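Participant: Sequence:
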Amino acid sequence: MHTELPSIVAATAQWLTRAYPSGGGAVDRALAEAQARQAAGVAAALRYPTELDAALVSMTGAGGADRLDWLTGADGGDEPWRTWVDEVVASWAACLLGEPELAAAAVVALRGPAPVGSRRLLSPGDADRRAAALLRHPDLLAPVADLHRAELSRLLAVPGPRSPVLPA
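The sequence shown begins at 0 in numbering that gives the first Met the number 0 and counts up one residue at a time.
Treat the hints as calculated values from the structure; they're not laboratory data.
Quick caveat, the model's predicted, so the values are computed rather than measured.
In this text, a Cβ means the ideal position worked out from N, Cα and C, and glycines have one as well.
Worth double-checking, as some hints may not be accurate.
Unchecked claim - Here are the simulated distance ranges between beta carbons:
# : residue 1 : residue 2 : range
1 : 74        : 132       : 14 to 22 Å
2 : 128       : 17        : 29 to 37 Å
3 : 52        : 80        : 35 to 43 Å
4 : 138       : 66        : 14 to 22 Å
5 : 129       : 58        : 18 to 26 Å
6 : 54        : 125       : 37 to 45 Å
7 : 5         : 128       : 38 to 46 Å
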């Protein structure tokens with residue numbers, strides 16, 4: 000991962016785990032955070048693939064969490080880390096967390112191992128699923144995931160979400 004991206008990954012993962020909190024104790028919170036960090040790491044590597052891209056976002060800023068807070072009804076705050084939240088990275092991470100096929104395609108697109116371990120993202124165990132029930136729920140993630148899903152689908156050359164088949 001490029002040296003400028005860890006702040007964006009950490010802040011975006013923090014936002015995700017606050018917007019979609021784990022219902023359990025410390026272990027569940029840690030498992031949910033690990034999944035959010037893995038998804039945000041893959042999303043950031045896809046969004047900012049070169050050193051120049053990463054340097055530019057480091058200079059210009061990531062945009063912050065205000066729109067995401069408004070969209071999800073999350074409690075905003077004035078903590079400095081919130082300015083490092085990247086809306087596109089959050090949206091793409093939400094897509095990866097809610098759609099296992101898309102997560103697999105994203106890791107493959109990175110041409111090699113993901114910038115962070117990806118086991119919990121790609122193959123979550125029962126404890127991971129329980130800990131991140133809200134964080135992985137496609138319906139709950141939809142408002143955030145839908146913001147930039149089309150761009151991610153184009154980048155990965157995968158079709159968009161399937162439309163339900165309605166009876167004739």
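Participant: Between residue 52 and residue 80, does the C-beta distance stay in 35 to 43 Å?
Facilitator: violated (21 Å)
Participant: Falls inside 37 to 45 Å, the C-beta gap from residue 54 to residue 125?
Facilitator: Holds: the Cβ-Cβ distance is about 41 Å, inside 37 to 45 Å.
Participant: When you take the CB atoms of residue 129 and residue 58, is the distance between them in 18 to 26 Å?
Facilitator: About 40 Å separates the Cβ atoms of residue 129 and residue 58, which means 18 to 26 Å is violated.
Participant: Just to be sure I understand the hint, the distance between the Cβ atoms of residue 128 and residue 17 should be within 29 to 37 Å; is that true here?
Facilitator: violated (20 Å)
Participant: Does 38 to 46 Å hold as the CB distance between residue 5 and residue 128, or does it fail?
Facilitator: violated (26 Å)
Participant: Lying within 14 to 22 Å: is that true of the beta-carbon distance residue 138 to residue 66?
Facilitator: Between residue 138 and residue 66, where Cβ atoms are some 20 Å apart, the hint holds.
Participant: Per the hint of 14 to 22 Å, is the separation of the Cβ atoms of residue 74 and residue 132 within bounds?
Facilitator: holds (20 Å)
Violated hints, listed in ascending order, are 2, 3, 5, 7; each of the other numbered hints is respected by the structure.
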